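Please construct the entire structure, taking both the sequences and the accompanying hints into account.
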Amino acid sequence: MTVAPAAGCTDRAVLRERGQREVFCGLTGIVWLHRKIQDAFFLVVGSRTCAHLMQSAAGVMIFAEPRFATAVMEERDLAGLADANEELDRAVARLVERRPDIKMLFLVGSCPSEVIKLDLSRAAARLSERYRPDVRVLNYSGSGIETTFTQGEDRCLASLVPELPEAPADAPELLVVGTLADVVEDQFARLFSAMGLEGVRFLPPRKARDLPPVGPSARYLLAQPFLGETARALEERGAGRIAAPFPLGAEGTTLWLQAAADAFGIDPMRFRAATAAAEARAKRALETHRAALCGKSLFFFPDSQLEIPLARMLSRELGMQPTEVGTPYLHRQHLADELALLPDDVRLSEGQDVDRQLDRARAIRPDISVCGLGLANPLEAEGLATKWSIELLFTPIQGYEQAGDLAALFARPLARQTRLRV
Amino acid sequence: MQLTVWTYEGPPHVGAMRVATAMEGVHYVLHAPQGDTYADLLFTMIERRDKRPPVTYTTFEARDLGTDTAALFQRTLKDAHDRFRPQAMLVGASCTAELIQDDPAGLAKAANLPVPVIPLELPSYQRKENWGAAETFYQIVRTLAGAVKERPGDEPATRRSGARPTCNILGPTALGFRHRDDVAEITRLLGEIGVDVNVVAPLGASPADIARLGAADFNVVLYPEIAGVAAKWLKRTFGQAFTTVVPIGHGATRDFVAEVRRLAGLPEAEVAVAAKPASNLPWFSRSVDSNYLTGKRVFVFGDATHALAAARVATEEFGFTLVGLGTYSREFARDIRAAAEGYGVEPLISDDYLDIEQAIVAAQPELVLGTQMERHIAKRLGIACAVISAPVHVQDYPARYSPQMGFEGANVLWDTWVRPLVMGLEEHLLGMFRDDFEFHDEAKPSHLGSGARIAAEPHADTAMAAAMAAKGAPADAGDAELISLGWLSEAEAELKKIPFFVRGKARRNTEKFAAERGLSEITVETLYDAKAHYGR
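Protein chains in written order, with this note's numbering: chain A, 254 to 675; chain B, 904 to 1439.
I should point out that these hints are in silico values taken from the structure, not numbers from a laboratory.
A hint or two may mislead.
[Said to hold, decoys possible] In silico BS3-like links for lysine-lysine, alpha-carbon gap of 30 Å or less:
hint: 1; chain 1: B; residue 1: Lys1199; chain 2: B; residue 2: Lys1012
hint: 2; chain 1: B; residue 1: Lys1408; chain 2: B; residue 2: Lys1199
hint: 3; chain 1: B; residue 1: Lys1138; chain 2: B; residue 2: Lys1012
hint: 4; chain 1: B; residue 1: Lys954; chain 2: A; residue 2: Lys549
hint: 5; chain 1: B; residue 1: Lys1408; chain 2: B; residue 2: Lys1282
hint: 6; chain 1: A; residue 1: Lys640; chain 2: A; residue 2: Lys289
hint: 7; chain 1: B; residue 1: Lys954; chain 2: A; residue 2: Lys640
hint: 8; chain 1: A; residue 1: Lys289; chain 2: B; residue 2: Lys1282
hint: 9; chain 1: A; residue 1: Lys549; chain 2: A; residue 2: Lys640
Since the model is a prediction, treat every value here as computed from it, not as a measurement.
Right, here's the structure in full:
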């Protein structure tokens, strides 16, 4: 498959806005990360607000004895720093005693802990000393002042990179980076293996003890667009990035797999043999939704950084028309292949002033607005169909077999609009 | 630091949001970092509001901290005023902004806006959501309720002849448990008594309405957690008396009516009126099918107002036995302690769900009345449960009319609390036919059709047991496993023939009985000796 010569939005100006942002902070990433790494625990050091956020975001899962918690700072903790460290040690001791199955503990920074400059990296080092070899203690920040939603995962994975074992110099390996649903990960592993790429590893791993090696011989392929820090940390370890669009839709998945195949010198015939059937299946699945979605206009409010890859997939593979594509942060280099494939009349925006952006959406009146839960019902009440964006993080959407499901997520609100007679 | 997974209340600025969102023409500017907007979805998703809450967040980021966050606050305030044109504004800080000490009050004064700007001091590291709501409402009332009243309101006799007495209804907010329907029910009830409602606040009130509060003869406080402070100030300022009875349950509603009559200067009700009960609860409760409810053990937990009301209704109107009473509202600990003493139970004042879980395991109730959290605890322990208090989930903001208060509220309580229990006849049949093949511990509740219960996550149980052990509680999830402590196999088999919803109680009674008498093994005899000793 050949890609059209780079045009699209490569050189398009981006509207940068500052003002109120209607987004989650990075702590929210814990909701899926703690299910992915099965023996990790996430301890947020923060305020009651942080605990309340986790509870609201995690909904009902909070009662399944989740592997996350908040050490809620109280007035005494704000009085003096030495005391705060002792308090933290006590909280961690209680936790480790209660949950002996935990192998990795993340101390997650929040706005309050960052503002009072509580040094969690030193605390993590100190506690790692104390609990080795049973528990490894790491630290990253998921605070709102530094991270938006999925950037929490980025910081978490970046904190893992220094812990990865050194890869042998003579065996080039492929490392796939970014949390994927287990079912998607398994599909990708089978596809790589069918094209002759053995021993592909994934970051994050499902078990904390199962960290993939990395080194100058390793190549990494990003499965998610929000991993700027993680990529930088991997490059510091000598690994090289394989540039590719992201594996959304039939075309996106093929281009993504192809980039890896080319980097490892896989024979094109073998690549086609490994992927042709699945790609055809994905295209058939997309076809069933095409009639409903073709020509429909789209508006993306910023949320997860998945907006640009999604807009590319929905426009090229289903004929939808993105109007404004907002993203909380635009990593030019990682999204270069995506931007080249976007229609050239799209307005790109980075950051947010939510009231101004709502004015623009109301002026356009798009057929579907992709937005967070704070905006969805109010927009529906104004007669605008919405698709809540958080579902795109909690649902398997990558790869061939999920292409139809991804299209269905966008077809459903429109179908609902036509069915309802009340 | 307090290790927390579940929190019964949010931070105090969420309480302020609940008041701002309830009102019309008010806008709240909150000095807060990116991400604190998560609270919007409580209103848009859980309560299904069709508008964004009237809150603007300054959304400062790390790079702003070195510079002028104060200027950012002022800019946000001015933009919010220009865009929304509210009649009054609230300004305050979330937990993070409290640490950077920008003084929203002073900054708002300097901005010199043409509307009243009410600064809120909400200490995030000491206080919680309900306190925040109460403080916010109090500050709004203080600032906006006109300073002078023509006549002191405690002399209804001086009212213009022929005019009906009036009251304000205080306390309902956004995200309140059943506040929408409670207000409708109580407004109707007051109308029947002959009392008109002057203003309902904060729910649905504008700043102009708040300014009219002083014109009423007295105040009805529906939710003391939220309106208590404001009501006391109104009493000091305008001499308005306020109601102290919360009308939840049939008896409390009647007491409330009597109290309202007294405050409104209306004559005592005719006895004839009281002869026919206004709710179905009394007759339903006296009908013979309800006999089996007598003495059922109930554990009550929630906010103080709803817990106290539920304790009274459960004991006086359902004939249950109260085996536990608690609240997460520390501000009302004294009331709960006094009530618990009256019922002869141990009061539980805690916001740590593990404490509550432990207390429920220890009390072995047959029904739990609590919050969303207790619903999950009860589910795990296999105990019937109904929700009586916030925090609640989306299903407890129902489409249908479902007040908790007033006579219709009593009907709602009856249906809600009885529904999760095994029906009386079923209970008897289970005693008769002990190994019922369709109905046993593993079976799903009968109203869900036949089939087996889906086991909870195994690791959740072990984690739970570990958590209990860490707290020094018996590692026992209700009836999940038998402690092999001296039970002979025949006795264990006999125990299994006892209907599962009372089996845990029987087991504990037997073990206690054996321990007190120093018996090293438990036989079938021991089981029946204990049964005879303890009664049911």
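Cross-check of the supplied hints:
1. A hinted pair counts as satisfied when its Cα atoms are at most 30 Å apart, and B:Lys1199 with B:Lys1012 does not qualify at roughly 58 Å.
2. Simply put, B:Lys1408 and B:Lys1199 have alpha-carbon atoms about 12 Å apart, close enough for the 30 Å limit, and the pair holds.
3. Between the alpha carbons of B:Lys1138 and B:Lys1012 the distance comes to roughly 29 Å, so the proposed pair stays at or under 30 Å and holds.
4. Distance check on the hinted pair: B:Lys954 and A:Lys549 sit about 25 Å apart at the alpha-carbon level, within 30 Å; holds.
5. Restraint check for B:Lys1408 and B:Lys1282: the C-alpha separation of about 17 Å stays at or below 30 Å, so the hint holds.
6. Only pairs whose Cα atoms come within 30 Å are accepted, and A:Lys640 paired with A:Lys289 is accepted, the gap being roughly 25 Å.
7. For the proposed pair B:Lys954 and A:Lys640, the alpha carbon gap of about 17 Å is at most 30 Å, so the pair holds.
8. This hinted pair checks out: A:Lys289 and B:Lys1282 have alpha carbons roughly 26 Å apart, not beyond 30 Å.
9. A distance of roughly 13 Å separates the Cα atoms of A:Lys549 and A:Lys640; the hinted pair therefore holds under the 30 Å criterion.
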